[in-house]
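Chains as they are written, first to last, in the working numbering: chain S, 151 to 513; chain U, 1080 to 1360; chain Z, 94 to 301.
Quick caveat, the hints were computed from the structure, so don't treat them as lab data.
Where is the CB? At the ideal position from N, CA and C, for every residue including glycine.
Keep in mind that a hint or two might mislead.
As the list claims (entries may be wrong) - What follows is a set of in silico ranges between Cβ atoms, one per label pair, in the way DEER data are often shown: (1) R189/Z to G457/S: 51 to 59 Å; (2) E497/S to Y1212/U: 15 to 23 Å; (3) D138/Z to R237/S: 30 to 38 Å; (4) Y240/S to A1226/U: 54 to 62 Å.
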Amino acid sequence: MYVAVKGGEAAIAASLHLLDEVRRGDPAVRELAVAQIREQLALAVDRVMAEGSLYDPELAALALKQARGDAIEATFLLRAYRTTLPRFGYSEPVDTERMQVGRRISAIFKDLPGGQVLGATFDYTQRLLDFGLLADEREPAPQPVAAVAGEKAETGVAPALQQLVAEGLVEPAVPSAGDPEPEDITRTPPAYPMNRATRLQMLARADEGWVLGLAYSTQRGYANTHPFAGEIRAGRVPLELVPDELGFAVEIGEIELTECQMVNQFVGSAVAPPQFTRGYGLVFGEGERKAMAMSLADRVLRADEFGEEVTSPAQLQEFALSHGDNVEASGFVQHLKLPHYVDFEAEMQTVRALRQRHREAEE
Amino acid sequence: MNAATAGYNFAYLDERTKRMIRRALLKAVAVPGCQVPFGSREMPLAYGWGTGGIQVTAAVIGAGDVLKVIDQGSDDTTNAVNIRRFFARVTGVRTTERTREATLIQTRHRIPEVPLTEQQVIVYQVPQPEPLYKLEPRRSAATRLHAWREYGVMNVKLYEDIARWGRIDSAYDHPVLVNGRYVMAPSPIPSFDNPKMHRMPALQLFGAGREKRLYAVPPYTDVKSLDFEDHPFKVEPQGHACALCGSTDTWLDEVLQDGGARMWTCSDTDFCRERREEKQP
Amino acid sequence: MSAVATDIARIPAGLGDAVHHGQAVFRCVLEAMARPGRLQRLPADVAGALGHPPGWSPALAATLLTLLDAETALWLSPALRDGVAPAWLRFHTGTRIVDAPGAADFAAARADEVDASIWTVLKPGSDEAPHTGATLLLQVDCLSDAAGLRLQGPGIEHEHRLDAAGLDSAFWQARIAQQADFPCGVDLLLCCDDRVAGLPRSTRVTEG
């Protein structure tokens, strides 16, 4: 095989070598194991899985290690790997009612039917740096959760909104008309306007920071919403597949999900009575911030369904959705560091000519 | 192929993805200059760095091809080296720096100076396939403008350039009209290169990975740079000669030297080499 | 699946090498579309290793095997649908075979099975998405680029000629009428033995 080799190739090889070195850091410090990242930096792992659209904690942890902790680079690594994977089948839709909930809260019930489960949360930590964590090893291991809080994971907890749906106060969660098969956004190029199933896919793997910002903007008057956290639940759900040769569903494993049902007051329209409408968020792993932000963004993107006026960036499908993919965005922003000297020379020629014209006009 | 690529298919992409791209390419050829959406995949290269061009090349390339990759006209810029290295790894095809030897050329920002032939295919990396995007950022709306052949906004923009500056302010990526029907982004080549697209004997393919669009200009197709009768499109010479080969009719890079002196050299490094070799006795 | 499909042993082979032969066939078809009317011949090793149903030209068989998969819908004419061909295509490509030509992305027929109406029953695409227009593949008994139709337009330096046996003037007049709908339209591939010629919708046709 003949490959043209010149200076650029040597420079790239040297850079790759340096990258290995800086990734490792000070060799006197013990090397981080992928299992440690998976277990102890689990929220970073979850974010990479969510934005990488691939549920594999081991590989997400590996990607984080290889990417030196850069979540977007790790997401990119995971996506580039994902795209090479063959598809063996399509799972059945997951049923979050069957979730084994590790956390379940609602802001709209004084006494949540089925019970609140606080679970592990930063919410009440008071954010004091724990200098005890500076020590390499800590003894003893914390007590098991159940012994402390008297809480245990529950399965088959009915949705908190069920009762309100029955009364007609909250819109039911029903499939779109005709229950169409959702598009696969990793296979089908986007076409706007986009249906809700496709929008939710876009939001689920959009950059957390971008979705958070969009959601925040809706709370500050850029779009008109009155959201309440109807129910947030996180935990493990079974994943089922119907193999062709069997014809019935078999469980192939479990995945961890975070789901948010945000309810919003809606005054009604000519065809719909006043009721609470929903915004929905669902992400891989523990991703409460993302799930909540997603549910706010989802709700304002339903403007056409409810005949609401589109006045704000978060309501503009093309704007809100096509700029949220951080692998796309990161690549395109950073491509500006590639050589552009041919274009720049062409621009210089133009600017020089314009300056000449300007000078002549002044004289 | 080596151990690191042993698990990958020829040209990296799986066959189903290649088929999807191939079907899109055939439609793109049938409707010259029209942007065809395709299911662009994540590639092991950042978006904006040639993922569209790479996917098109991967769908087209065969074991008998001879591949040349250039960026800014040069085979030796890091991105060109990286893409050439990628294809050498995943296909094992012969690569070359010589334009005349290549059957397949992937390029960013330039068209080689040597006229391309019927035996060649050129693949352009495209960052922004929508020529109207600065005037109509909503792609859904821009698609309708193409459908209706409603290019008034583009004419207004060019006209305003002329009114304000006495010239059209697009030194690169100057929009073209293909086969009298579609306004098309030629990718950010300098306007100097635009005339080379007109009735080129080689097939021209364009890939925009991030924007998930590809398009094509078949051989011998009319490609007209947009202009006005009283302000015709023209290529303005840079007014310098290449310090290495003496060329005055090629696109030149301006090289700043220590002490503030300037030197001009051919951007197409292979063409420059060829011309220098011709001159030697 | 029909009873025919269950007898896998009777299904002919497909491409000799799905990766490399598929690529070579694609390049033939790409050249055919890019240079309308120019005959492109399948490489001998590709044609030699190819399996196909009886009565099918290697060019038609290879082109369908190369371009079809589960994401495509194919309509087959009665003659091509007869026998093992549908099972053969489903086995090798996973394509969906549809009954209505108007639902097809690809339509294949023998030249003697179509008339002018084929141009209007196939999907023409829309002005906003012209790429959704169908591709029609016709198997003809004789194909020549020495005389016949006069072709002009993209891909053609001056003028190409094309003569395909078994397609009458009414058929070509309907094709010519389609030109007014550009960018909508149906793209045509003519297959004869191991040769293929393209006639994309962009080509301006006049009868010679």
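So, going through the hints one by one against the coordinates:
1. R189/Z to G457/S: 51 to 59 Å: 38 Å, violated
2. E497/S to Y1212/U: 15 to 23 Å: Holds, since E497/S and Y1212/U (Cβ atoms, about 18 Å apart) stay within the stated range.
3. D138/Z to R237/S: 30 to 38 Å: 31 Å, holds
4. Y240/S to A1226/U: 54 to 62 Å: Roughly 34 Å apart at Cβ, these two residues miss the hinted range, so it is violated.
Of the numbered hints given earlier, the model fails hints 1, 4; all others are met.
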